[in-house]
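Take a look at the letters that make up each chain.
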Amino acid sequence: MNMKTNDNGIERDMTETEIEAYEIVKADLEKRAKERTKAEAAQATARQTVLTKLGLTADEAALLLD
Amino acid sequence: MALQTFTAGQILTAAQVTALQANDYNQTVSAKVASYVLTAADKGTRITMSSASATTITVNTSLFTAGDSLRIQNIGAGACVVTAGTATVTSAGPLSIPQWGGGQLYFTSASAAVYFPDAVTASTSGLVCVKAETAFSGAATITADGIFTSSYTNYVLQIQANSASSADLTLQLRASGVTATATNYNQQKIQANTSTAGAARTTANSSATITTQGSSNVWSFNQTTIYQPQLAAVTGFQALTHWHNSGTYAQPIIEQWFGNHSLATAYDGFIITMGGGFTVTGTYAVYGYSKTV
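Chains as they are written, first to last, in our numbering: chain A, 144 to 209; chain B, 737 to 1029.
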């Protein structure tokens, strides 16, 4: 199936050049999404490590921060 | 000259004729500097109001008859309001006369008048639509060119969309149809999802994220302010978005992406790309913020 673009209000198939540009942005977004997921996972792990050390649940920690 | 009552046999002087003619070509003026109550002698004349403060011109009954009229002009900075005293005053327009505004007060009876305000230039709207609402369907990219001009400094993009799966919508600036793809986009995000708040910074990217699309075919709503894109200066972004993690819309998530495109370059448009290899369906519109009151 051809990739579609909305070009200033007109729906049409993408040109080869546009597809190439699109693929670059898509790859960049995927890379950023992976980095974000990795960072969020690391943050969650670090948070859990601290909670374990303190002997608190996440809800109990949230109560302390309210 | 105030209205005269001539009697049979009276000799009309040249001075009287000249004065009457003058009222047609150079209307008799009654200059006021404070709120004023109309009198019968004001019939056929022109009232000018000049006051820095707000004033009123009050209309009472039994002073005028059907067909009488007079003009009211406001040359002061304070608004002048045509006010019903004991008479009624109706109008299709505003009764408040701004500086350099005016109109005709026309009596339909001794106790009723109609105020016909002259046409005035409408105040400039705060937001002016520069790209009419545009629908897109199954699009991987959305392009809008030639919308940033010197008429406005700052713009706001409104977009609502849904897609087949979760991924980011990202924006790149364009100039004369050429997309700025270099890694000059920098962003800081804050997010709230139930009681969890998160933040992240991402720099030296080739595009700026403006929103995340949530679950399959679930709508997200986004407003992105774009600062000074048409100036040869850094462009700022402030994307406020909320999206949903479920088709029931019971899991709203809010995100704000602040950022910039650091090149000192002027742009006239943008391209939005849907990530993840997905397409997106929805509508968008762009507005310019007025630079004048």
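Treat the hints loosely; a few may be bogus.
As a list, the in silico BS3-like pairs of lysine-lysine whose alpha-carbon atoms are at most 30 Å apart [said to hold, decoys possible]:
#	chain 1	residue 1	chain 2	residue 2
1	B	Lys925	A	Lys169
2	A	Lys174	B	Lys925
3	A	Lys147	A	Lys177
4	A	Lys147	A	Lys169
5	A	Lys177	B	Lys925
6	A	Lys169	A	Lys181
7	B	Lys925	A	Lys181
8	A	Lys147	A	Lys174
9	B	Lys779	B	Lys925
If you're looking for bench data, these hints aren't it; they were derived computationally from the structure.
Predicted model, so just to flag it, every value in this text is computed and none were measured.
Hints and how they fare:
1. In summary, the hint linking Lys925 (chain B) to Lys169 (chain A) is supported, as the alpha carbons are separated by about 20 Å, within the 30 Å threshold.
2. For the given pair, Lys174 (chain A) sits about 17 Å from Lys925 (chain B) by alpha-carbon distance, which is consistent with the 30 Å threshold.
3. A C-alpha spacing of about 26 Å is found between Lys147 (chain A) and Lys177 (chain A), which places the hinted pair at or below 30 Å, so the restraint holds.
4. Restraint check for Lys147 (chain A) and Lys169 (chain A): satisfied, since their Cα atoms lie roughly 14 Å apart, inside the 30 Å limit.
5. Straight-line distance between C-alpha atoms of Lys177 (chain A) and Lys925 (chain B) comes to about 16 Å, which keeps the hinted pair within the 30 Å bound.
6. Proximity of Lys169 (chain A) to Lys181 (chain A) is assessed by CA-CA distance (about 18 Å); at most 30 Å being required, the pair is judged to hold.
7. Restraint check: the Cα-Cα separation between Lys925 (chain B) and Lys181 (chain A) comes to about 16 Å, which is no more than 30 Å; the hinted pair holds.
8. A distance of roughly 23 Å separates the Cα atoms of Lys147 (chain A) and Lys174 (chain A); the hinted pair therefore holds under the 30 Å criterion.
9. Pair hint Lys779 (chain B) plus Lys925 (chain B) does not hold up; C-alpha atoms about 67 Å apart against a cutoff of 30 Å.
Of the hints listed earlier, the one the structure fails to meet is number 9.
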